[in-house]
Amino acid sequence: MNFKQSIRWFWPIIPILGALIFTAVLLILFGASPLEAAQSMWRGAFGDQSKTLSVLAFWIPLLLSSVGLLVTFTAGLWNIGVEGQIVMGAIAASWVALKFPGPQFLLIPLEIMAAMLAAALWAGLTAILKTRGGVHEIFGGLALNNLAIILTNYLISGPWQPPEGGTFRGTQPFQAAALLPRFAESRFSPISFVFAVIAFGLIILALRGTVWGLKLRALGKNPRSAFLLGVSSEREAILAMMFCGALAGLGGAVRVLSWFDSLRQSISGGIGFLALLVVMLASFRMFWVPLIALFFSAVLNGSISLQLRTQLHSSLGGVLTGVLVLFMLLFGNPGVLRIGKRSKEEVRDER
Amino acid sequence: MQVELQDIHKFFGPVKANAGISLQFEGSKVYGLLGENGAGKSTLMKILSGYQPADRGQIILDSKPTYFVSPANALTQGIGMVYQDPLDIPPLRVIDNYLLAKDKKLILNYQAAKKEMKDLLSKYNFDVDPDYLIESLSLGQRQQLELVRLLSGGAELLILDEPTTGISAEQKEVLFDSIRRLAYDEGKTVILVSHKLDEVQELCDYAYVLRQGKLVGGIKVPCPNERLVEMMFGQIPVREVRPDHELGKTVLELKNLSIETPRLTVQNINLEVKSGEVFGLAGLEGSGQKLLLQACAGLLRPSQGNLLLQDEEITNWSYHHRQQAGVAYLAAGRLEEGLVAGLSITEHIVLAQPKHDFLVDWRAARDITTERIKTYQIVGRPDSTADQLSGGNQQRLLFSLLNSPLKLLLLEHPTRGLDIRSTDWIWGLLNERRKDGTAILFMSADLDEVIERSDRIAVLSGGVMSRIVNAKETTVDELGHLIGGQA
Amino acid sequence: MSDELIRQLASILLQSSPLIIAVSGETITERVGVINLSVDGTMMMAAMTGFVVGLKTDSLLYGFLAAAIVGAIMALLVAFGSFRLKQNQVAIGFVLTLLGDDLSAFLGQNYTRIPGPVVKHLPIPVLKDIPIIGPIFFNQDLVVYFAIVLIFLTWWYLNRTQPGLHLRSVGERPEASFARGINVNRLRYIYTIVGGGLIGIAGAAYSLDVKLGWSDGHTRGLGWIALAIVIFGGWSPVRGALGAILFGATKALATVLQRTFPEVSVVAFNSIPWLLMIFVLLTVGSEFTERLILLMPKPMRGPMSRALRVSPPMALGTTFENE
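Residue numbers (the working numbering), protein chains in the order written: chain U, 6 to 356; chain F, 1060 to 1546; chain A, 115 to 437.
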């Protein structure tokens, strides 16, 4: 490996270091020791078995949504509505859990199917607003995010409020048969891990090996040419969105059926937006997605227990991930940072 | 003003666009700069007008060496260029476009500018309303505005790049009158960049000829045409005689077809294209030819009338439905509307297959690609991406993506920007297609191409179609009149 | 006109003022060809900064100034990342939006839900006594006056001045601007930063005037609404301001309705801004509108199309390099 190659290989360390330094400076400004904070974040994430399992439990829906976003990003779509799709999945799963009695082996597939379907339709709505209504998916998705959250609040405070009266915080806990089997009294459900692995494998196969994946890539790079080459841009865009929506909805179902045991006010907890950051950080390196998602999950869980211990606002985790993605986006490519071509003046002086 | 170019070099990667060109221009004269496509004319003139710097060599104005940092800088030193695609700002009004960067005052003085502009326009018999939007003007009018803008900016040497491509016969007359006036009454230098010999003969005093990036020589004009042709091509090219061809049944039929867009309405088009026929559409850019092709392809919905493909009503069929039925459409912008930058040749070929399996068999796809690359003489590897190919190779790739058999082929500027060899090769390919019974409907800004390659021709002017003429019996003059809107 | 209605209108104008300022800022940015998608995060950062600095220095001026600087810095990041580092404008703006949300929550954590400085009511003598117009427009505070002046100043600058013409030309066809000696990227830097500064002022206008104080996600969502209004306004400062006022009016109407029909869930009213956002973008974007226009009698089509259809600056979101 020559010098240039090794620079390219190790370069990403620089923006990562930059993000860490930025966060450390913030902590110092607030009178906290960065080292102690890092330690307590680490303990908060991996300190004991239950904490590690929490990180894993948070990781699953994040991974499912990120994997779904790989599809929409490939098709050149900014599926910011993924947050709302998670929420709709959670609502649909809760609906089944609250309204249908039944044995576990029937209830859980039903919940999951309902969640995937509802979220796929919600995502499809964004896509149709774009293809038929000329509403950019960023705005359509954003509006639908907020509408989904408002719908949750309505359900919690209205029709689905617990019998002892609305607390605005959540529905009553679901029947035991409706919940995903969890590992050792934690929030982590091994079955959801299986879902995530299957989803990841399927998406990689779809994007690399199928004509559909090729069509999405063409669409993402040049929609007009793709259309003229015979790709039905509207159909593929809607399909890509619905595909992503279905996975996000599955993530939403995992949130209500294993992380919580009821529908809560902030059911997604920003997982959708976090997933967007995961995929942006990975850019098109698909195999990095699970690792980055795991890291983000650890950071977020760590910062929550940091707040409990030191009173520092838990948004620190969001700051660290956000700065990391920003710095990677800006400075992650050493090629563009080269001091550039010689200026015109220099060229002129040589004449 | 005396202008001299000394030993100008310009490279684009390995391509030598200009390889040591030296020229002189004097005042009160009209110069022609001749050469076939790709000879280096445009590059040289972009250097002279400050749009791009030379890699080596010097520009000397009135015996002082100089250097231009931008076109604006060149204009302050007296050199201005009118581009084929005028460098104006289409969504602005004429007067805003005229005022832009004209002075350093804070507040725009519309009244004074309008008066100034009207005077200048009428001086050269130009006619443009200052309150119109640029995008609603014809190409000829936009050229006139650019000329006026450059003159008011103090241009002493004016370069016109292929100014007669896409303008009407009357506008051409007006333009030529104004060029003569600028040179002979006002002592300015005019350079006409062209590959049309007749125009150079008619207008210029002296012609320089470029070939493959080098100066072949200069000659006083008028002179015998053969002389110029020999300088341009090295030898007089033998034009292939178009093979006569038996026409078959009607493939495409348009009945009273109208298309309405906010800018232009195309009205009552009736025409038939037969199997094996090449039908040419001529007209100014934006007269409705493109709309017509797009309506035939299914990209635009006609507001009235019917489209028939082999007697079957297809008016309401979508683009993809027609594609399945054997209609193909190739747009002019290769990387914008046709190929996907970043996808490889193999991936294009997989996408364009009429039938798909669910999974891609990449090995089989590579074999097909290797074979197509050979058949279509594409310079590239199966995993070269479309944007790595040259313009001619991109066009070859587009043709290699067409499926067989085709009933109808719709082409927009099939050879724009290609050299003679590629052009001939592409028309050879198209002639093969017509032998298989494909009907070809194409549009081109190059009248010679339309006349030479078509069986029949229709001209569109402001959305109205002329009578249909037989290509063998028509002349450039006749078409020119039709393009100007005269019957 | 009843006093109640006049009071309502005055209040709508006050409520809409920050949005008008943000819309003006983003309109300027987009007219020069740059998409600054970070509006939502920028406004939160600026609202927090403006409040904290205003509180600490006990000076409104410093509060607004600090907010403007924060807005300008966020905009500079978008511009620098896009022009110099060749990264996607939308991606940078989006990350900044999320980051602004979290960073403002973190930095402002010790200042939530406490009282702070307030922009003072400042009626303009004489003018405030004009019937109807006086109480609506001239019995307000400096933020409102600034917003009103800004609407017309932006319009005038864009349409009547040479630098404004430069600005527009760069957003439409930068290569033509370059050919006339205009430094495209310099103008893009300048106006992106100016636009960002205005967005910053809009953020502080919330925390110091219209929605007093600071809390986590204090102005969350309003930046996105401003972005949608810029599109709805067809990239015109005046139409954009009308859009902002329309939005404010709808919200005020919702509050009135809510008081009248308390039995209807608050949820229905909360969803109004988002439904409205989809609706207005549908009117300017959908094929349906196109067909509707084509159904009109011919002389009506031009004006209708100008009223309903909008087209973005031709070079919006692209980058420019000469040669």
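Heads up, a few of these hints could be off.
To be verified - Below are the SDA-like pairs computed for lysine to any residue, each with C-alpha atoms no more than 25 Å apart in a straight line:
1. Lys1164/F / Asp255/A
2. Lys200/A / Ile21/U
3. Lys226/U / Ile1408/F
4. Lys325/A / Ser271/U
5. Lys1164/F / Gly295/A
6. Lys1314/F / Leu1359/F
7. Lys226/U / Ile265/A
8. Lys226/U / Gly1401/F
9. Lys1164/F / Glu401/A
10. Lys1088/F / Pro1283/F
11. Lys1174/F / Gln276/A
12. Lys226/U / Lys1333/F
13. Lys1174/F / Thr275/A
14. Lys200/A / Leu301/A
15. Lys1531/F / Asn1329/F
16. Lys1164/F / Asn299/A
17. Lys412/A / Ala1131/F
18. Lys365/A / Asn297/A
19. Lys1163/F / Val308/A
20. Lys200/A / Gly163/U
21. Lys1161/F / Asn297/A
22. Lys104/U / Phe266/A
23. Lys412/A / Pro1150/F
24. Lys200/A / Gly1401/F
25. Lys1164/F / Val381/A
26. Lys1333/F / Pro1150/F
27. Lys365/A / Gly163/U
28. Lys1088/F / Lys1333/F
29. Lys1163/F / Asp255/A
30. Lys1173/F / Arg274/A
31. Lys242/A / Tyr225/A
32. Lys56/U / Lys226/U
33. Lys1161/F / Ile304/A
Stated by the list, open to error - Over the 10 Å line for every Cβ pair with chain U, so calculated as not near, a few chain A residues:
34. Leu191
35. Phe194
36. Arg353
37. Asn384
38. Met391
39. Lys412
Keep in mind the hints are simulated off the structure, nothing from the lab.
Small disclaimer: the values here were computed from a predicted structure and weren't measured.
Note that CB positions come from ideal geometry on N, CA and C, so glycine has one too.
Lys1163/F paired with Asp255/A [C-alpha distance capped at 25 Å]: Not OK: Lys1163/F and Asp255/A at ~36 Å, beyond 25 Å, violated.
Pairwise hint evaluation, Gly1401/F against Lys200/A, where the allowed Cα distance is 25 Å at most: Measuring from Cα to Cα gives roughly 17 Å; hence the hint holds.
Given pair status - Glu401/A, Lys1164/F, alpha carbons within 25 Å: With a Cα-Cα distance of about 43 Å, the restraint between Lys1164/F and Glu401/A is violated, given a limit of 25 Å.
Holds or violated: Lys200/A to Gly163/U, with C-alpha atoms at most 25 Å apart: Not satisfied, since the Cα-Cα distance of roughly 49 Å exceeds 25 Å.
Hinted pair Lys1164/F and Val381/A, Cα distance within 25 Å: Roughly 54 Å between the alpha carbons, so the hint for Lys1164/F and Val381/A is violated.
Assertion that Phe194/A lies farther than 10 Å from chain U (Cβ): 8 Å, violated
Pairwise hint evaluation, Ile21/U against Lys200/A, where the allowed Cα distance is 25 Å at most: 20 Å, holds
Straight-line alpha-carbon gap Lys226/U to Ile265/A, limit 25 Å: 38 Å, violated
Restraint check for Lys1163/F with Val308/A, where alpha carbons must lie at most 25 Å apart: 21 Å, holds
Interface-negative label, Arg353/A against chain U, beta-carbon threshold 10 Å: Holds, because the least Cβ-Cβ distance between Arg353/A and chain U comes to about 18 Å, which exceeds 10 Å.
Restraint status (C-alpha distance of Lys200/A to Leu301/A at most 25 Å): 17 Å, holds
Nearest-CB test (10 Å) between chain U and Met391/A: 5 Å, violated
Hints 1, 7, 9, 12, 17, 18, 20, 22, 25, 26, 28, 29, 31, 32, 34, 35, 37, 38, counting from the list given before, are not met by this structure.
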